Amino acid sequence: MLVEALVVSALLFVIGTFGVLVRRNAIIMFLCIELQLNAANLSFVALSRHLGIDGQIFVFFVMTVAAAEAAVGLAIIISIFRHYQTVNVDNFNLLKW
Amino acid sequence: MAELLFYVFAAVAVGGALGVVFQKNPVGSLLFMVISLGSVAALFVLLEAHFLAAIQVIVYAGAIMVLFLFVIMLLNLGHDYQADLRTGFWSVLAFVAVGTVAGLLARQFRGAAESPIYQHFPGPEALDALIAEQGVVGVIARPLFTDYVVAFELTGLLLLVALVGAVVIAKKRV
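These protein sequences, in sequence, are chains R and G.
Counting along the first sequence from 1, when you hit position 4 you're at 4 in the numbering used here, and nothing is skipped either side.
Counting along the second sequence from 1, when you hit position 41 you're at 41 in the numbering used here, and nothing is skipped either side.
No wet-lab data here; the hints were simulated from the structure.
None of the hints are false.
Just so you have them, the derived chain R footprint on chain G, three or more residues with Cβ under 8 Å:
1. 12 to 22
2. 34 to 42
3. 58 to 72
4. 85 to 91
5. 134 to 148
Covered stretches of chain R (chain G as the covering partner; in silico rule of three or more C-beta atoms under 8 Å from a C-beta of chain G):
6. 4 to 18
7. 27 to 33
8. 65 to 71
9. 79 to 93
With a straight-line cut-off of 20 Å between C-alpha atoms, the simulated SDA-like cross-links for lysine to any residue are:
10. G:K24 / R:N88
11. R:K96 / R:F81
12. G:K171 / R:Y84
These figures come from a predicted structure and were not determined experimentally.
Every residue gets a Cβ at the ideal spot worked out from N, C-alpha and C, and that includes glycine.
Please construct the entire structure, taking both the sequences and the accompanying hints into account.
Now the structure itself:
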């Protein structure tokens, strides 16, 4: 089941990458980043079955960091929305050359 | 039976992920994400990581997704039905990037199960014996509070910093 789980993890990661690159809604882009983190977690768990329990502990830490990141990131999105009245990333062009 | 369940949940997880990317409505996107996270939790169970499956459902599919839903409702984005997929140069770039990543990952899988790296490690039987001896929570708790205790305490500090940071950033006037 190891190779199958790694393939599923790779598919989820690739779909998440695609989502980050093609969507313009900041919240959906953020959601796709969570999808990538989750794909990495799946491959950690699949490998920890063969290589020892440490992989599962890493997944525990990744989940904590993901929760902290979601809280701060969504606060930033709320703050940006107050300023521009939109979450479409094409409108945030202050640093665009 | 386990194999069949594995393929079913894997298909649901990938389908949910595709739904996240291609759903126009943000709330629909979020609900697809919950489906995908739940299926990955089921895959965790099939891979004998029961504690992480519970955490995945409670923290990820529960708390974090509710936070996202709350922000979507707060900003009143539930009525956004126009497509916001990029076209032209960006979509070509996305396909090239995704194809490269997929190709690199696919190269790694050729003969992954027979790779010599697994000869030096305990393997699934050793982990199953450890779980039978210490229980599904004990097997994680023991290293977490001995070998990884510094990282564990730092995680608490990180959560405190994130809490204060989120309050300060989302406040109206600093």
